[in-house]
Amino acid sequence: MITTTYFMEYIDPGSGGLLFQLLISGVVGVIAFVKIYWRKIKGFFNKNKK
Amino acid sequence: MTKLLDVIEEPSSYKDRSGRLVYRGDKVVRLIDDSFKTECIEIIESGFYEQCIEKEYLWPFESKEENGQLSFYSDKIELIIYPYEWGFEQFKAAALFHLDFLQYCLDNNYTLKDATPFNVQFVNGKPVFIDHLSIVKYSSGSPWMGYKQYCEMFVAPLVLSANVKGRWVKQLMMNLEGYSLEEVADILPFRCRFKSLAFIHIISLSKFKSSDQGRKFQIPKKKIKFIIKHLFVELEVLKPIGQKQNWLNYKSDFPYSASELNHKNELLSSWLTKEDSGLLLDVGANHSDFVNDVRKFFREVVLLDSDQAVVDDLFLNQVSNGSKIVEMDITMMSPSLGLNLTERSSFLQRIKPDVVLGLALVHHLFHQRNIPLAKIAELFNLFTGKLIVEFVDYTDEKYQVIENPENQHPYNKALFEKSFSKYYKIKEQSEVKKGKRYMYLMEKKNA
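The listed protein sequences correspond, in order, to chains A and B.
Going by numbering that gives the first Met the number 0, the residue at position 37 of the first sequence is 36; the numbering climbs one at a time, nothing skipped.
Going by numbering that gives the first Met the number 0, the residue at position 207 of the second sequence is 206; the numbering climbs one at a time, nothing skipped.
For reference, chain A alone in the conformation it holds in the complex (with noise of 0.2 Å):
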């Protein structure tokens, strides 16, 4: 069984958590970016083969 987080992680929910978000932001925007353009792309394929 998966137990509870430690409860002080609810007093300060953004504790460690700046860091690691400017870390990632630059990355994920990228695959967020380059996965939105691909989807689009098959749709548009899966559109004209129907």
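Taking lysine-lysine pairs in the DSS-like style, the calculated list, with each CA pair at most 27 Å apart, reads: (1) B:K424 - B:K412; (2) B:K412 - B:K444; (3) B:K206 - A:K34; (4) B:K224 - A:K34; (5) A:K41 - B:K238; (6) B:K220 - A:K34; (7) B:K238 - B:K164; (8) A:K39 - B:K194; (9) B:K351 - B:K417; (10) B:K263 - B:K412; (11) B:K228 - A:K34; (12) B:K417 - B:K435; (13) A:K34 - B:K238; (14) B:K224 - A:K41; (15) B:K444 - B:K417; (16) B:K444 - B:K426; (17) A:K39 - B:K238; (18) A:K39 - B:K224; (19) B:K125 - B:K295; (20) B:K228 - A:K46; (21) B:K426 - B:K443; (22) A:K39 - B:K222; (23) B:K238 - A:K48; (24) B:K443 - B:K295; (25) A:K39 - B:K221.
Residues from chain B that keep clear of chain A, each with C-beta distances beyond 12 Å, as calculated: (26) E9; (27) S62; (28) N66; (29) I129; (30) R190; (31) R298; (32) T383; (33) K397; (34) E416; (35) E442.
Now the in silico label distances, taken between C-beta atoms and shown as ranges: (36) B:E235 - A:V26: 18 to 24 Å; (37) B:N406 - A:L22: 56 to 62 Å; (38) A:N45 - B:P334: 44 to 50 Å; (39) A:I40 - B:K26: 49 to 55 Å; (40) B:S62 - A:N45: 45 to 51 Å.
No wet-lab data here; the hints were simulated from the structure.
From the three backbone atoms N, C-alpha and C, an ideal C-beta is built for every residue, glycine too.
Add chain B to chain A, keeping to what the hints say.
Chain B alone, transformed into the frame defined by chain A:
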């Protein structure tokens, strides 16, 4: 803070430092703490709350100041359904809604200070944010304060559901503050290291340790929006794995002929629409098309089913009819949970139906759960309101499919009537399939 005597305090509101939540008659009242009052008044004066209400993001409220106490008055939601009672698709819809609302707040220079699914409810089939005090002013360069909590409470159960067989949304019941990301990272299969959602927002985040020195950094709003966008793009395509589809095809394998079904529906309509207007609870709802016909006669309809695939299908396809959809096994209803066992009340404490429907359910409880008829009657008697229940005889083809030869308890129509007569007065009964299926309208003896 003003002392209000005629109020009942919401047991879970002790966590919020900005105010506390109490019930006053048919209103929910948020008593704003002095520490948040100035900021709260600024948000009121900016018109942002109004804007959120107009856009249907936020549950409507009216602000009042009495003897220096600022309060938000809003209508009670007829029935609160907790996130661990939602199906996967409903939980995902709440997760996406939270991101959408956060994005809207940021666009208007506000933010949400936490990220818990308990702040979202479904009203008329649509998600709405109910914790007004979560909205705070955004200060330039500050991070997304609820990011880690969002990963623990929303992302973890969804990613687990998509990669590891199990009812991970339901297991939030045992993890009311969210999952431990370290433990989730250990459970996830190796392939998740190649999936950006799980790898970044669970595995990497769980391993990332930093102290307050991180606060020297500033993060531009644009970069927070990248994180929100990534989460949205990844979460919206998640699907649960290993869902058994036992009852998804029930409709195409229906035990009634068209005329029998017509008769059953007419009978139910005549029994239901005479004086009912409150809350209808359909236990073991499946694809109860019949409920669509009588939906308009009730303030609230609650469709309860334990089959994950059925619950997801109900949510995705019947969301427009506005019924509340609950994934729950009637023999294992949610208990009271949390601090002092009062933080999250049991399902029975919350639901007070005017009518309970139990169609083609008794024989399943009897055979699949080995529950004697007397205990099944006792189970229905836990609910308020009148009961419409169907008895399926052992000669019925569907009964024979699920029959458990190991079950030694007696089962027949006379015993069914005797068992239910202990708690209910049988007002009407009708044969809906010759010699095989019977409908009963019952009223509580002690009502």
